[in-house]
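2 protein chains.
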Amino acid sequence: MNTIAIDAMGGDFAPEEIVKGAILAKNLGIDVILSGDKDLIEPYLEGNKIPVVDYPEVISMEDSPSKAIRRKPKASIVGALNMLNENKAQGVFSAGSTGATLVGAISVLGKLKRDIRPTIASVLPGLERDIVFLDSGANVDVKPKTLLYFAAMGSKFAEILFEIESPKVGLLNIGEEENKGRDLEISAYNLLKSSNLNFIGNVEGRDLANSKADVFVTDGFTGNVVLKTMEGTAKLQQTLISQTLQDKLFKPLLIPVKNALKPVKDKLNPDKINCSYLLGVNGVVTIGHGSSSAEAVKNSILHTNKAIERGFINKFSNAISEL
Amino acid sequence: MNTIAIDAMGGDFAPEEIVKGAILAKNLGIDVILSGDKDLIEPYLEGNKIPVVDYPEVISMEDSPSKAIRRKPKASIVGALNMLNENKAQGVFSAGSTGATLVGAISVLGKLKRDIRPTIASVLPGLERDIVFLDSGANVDVKPKTLLYFAAMGSKFAEILFEIESPKVGLLNIGEEENKGRDLEISAYNLLKSSNLNFIGNVEGRDLANSKADVFVTDGFTGNVVLKTMEGTAKLQQTLISQTLQDKLFKPLLIPVKNALKPVKDKLNPDKINCSYLLGVNGVVTIGHGSSSAEAVKNSILHTNKAIERGFINKFSNAISEL
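Those sequence lines, one after another, are chains Z and A.
Going by our numbering, the first sequence opens with residue 1, and the numbers climb by one from there.
Going by our numbering, the second sequence opens with residue 1, and the numbers climb by one from there.
Only chain Z is shown next, with the shape it has when bound in the complex (with noise of 0.2 Å):
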């Protein structure tokens, strides 16, 4: 039986609403221990018997990830973390600071790799299927090589987690041609070309959409960007349409058309369904938006408990230490 250790203390409403999606998933049969301040997490597990491992200090997204994982060793993120690390625990997910849970991550778990750049790896919703989306943030400066390194964990995660085959690998960029953006591109485009990947060239933000990759390479600036970006477009259209339904649309037909579109904004709400994976590290670690609320986190959790069962680590450990 598999157990996930939870960061309770991390995210914009935690830990009420960690601490909820813990006690959602427990009730879907999932073991959870909860790592944070227990006088702040026990009033909302009213009754539920989820171990709680006291670990009172909290990092800020204010703080400097590297100096609050020295300085903080009570923090959250380093409790949920050392669980895993002691085998008390297969997976870690956290709603807090990305910045803590990768430097947290480094340092307790270790690289798989020494020479490896540890990314965040999201899975976006597209029309025919699901795409993963790396780096989302981990890494703002990078090489040619470190994206090549990107690619190659990308391609593994879908093989595990999306079970195909030779997963088609886009790098992002601003036009097709083989020439087209900075040297960063130029050169990785090279690199990809000739490594044993399934490169499928160039691709374009509006193919996010459109599946004509399985995997999207980038540097974690433009990746940040990216993912903020399709989050304000998804809520920009979805208030739009709000108001114009409320505008035009005959009175009684609203509720039964809000009814129908509510699958739509669900696919697209990151509070809801955003999961990204924490890849390169010793030991599976999920990362959930800031906003998570408890239906996300729990989410999340099945999620991490899906990679788990997959023997996720062990497989993609394996693959990285052949590159």
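This list has only true hints and no planted wrong ones.
Because identical chains share one entry, a pair is satisfied inside a single copy or across any pair of copies.
Below, in silico cross-link-like pairs of lysine to aspartate or glutamate (EDC-like), each with a Cα-Cα straight-line distance of 16 Å or less:
hint : residue 1 : residue 2
1    : Lys258    : Asp247
2    : Lys143    : Asp115
3    : Lys143    : Asp183
4    : Lys193    : Glu177
5    : Lys180    : Glu62
6    : Lys168    : Glu128
7    : Lys235    : Glu128
Source of the hints: derived by calculation from the structure; they are not laboratory data.
On the provided structure of chain Z, position chain A as indicated by the hints.
Coordinates of chain A only, in the frame set by chain Z:
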């Protein structure tokens, strides 16, 4: 009376859609000249009296912009720019290769100031009002000082075209805090902070939709990826909405609901509304989406005409010369 010179051969559906768009604009009382292959243009004129200057060479998306401008003196974009330079037109519109329009405009019209990098500013729809977004893809590698110039140009642009005083300027970044981003953003932040612009700090991808700033500044690589991501996300959501309405809604409701949603679709459809301005050259030059339809071309010509009527280039040149 103003005349707008149009690159009739630029765009995925040129010359047909371009000529048709020019006719639509002409019928609204705007004088236009077409530049391109006379033999190919005339069949679409259908008796409309629009002057055509014969510049039969075409620059494709595969051509290197700087080589093509040197080697094809009879390219349609060059003809349109020549009309402006010879004062036979007061503005130029092209839906062709952005690179060729940029290089051509610098070579034919010249830059407003020697040490300036011309930039492409796009007007994007926001929830409360439109925003200015730059650079949309003219300069993929920039220095902090370049971003400062972009900010100054974008601010002046918003002031003149949106008629707002001291527009709010935001730096596109991966977090709000001052120390976020690459070295580029950290240095640009400091330059912007000590400038006389109304700098409101870092803004994120999701702020594009909520009108947090009037002017969003970034490098041309990130900018281009952002624009295409917005386009792809909006289309993905629209497709999902269509599918779900088809599946779930009582059939007779489909048509009124689709009609009610049409304005939203149009608002976020770059083929319909997108018009970008080339800033930093001696003249009003606007750029349309490659897939511009006749309707999009007409709208872009109206935009261009509005800019000319507001005395854009004089006001803008004066402001830039003081930088």
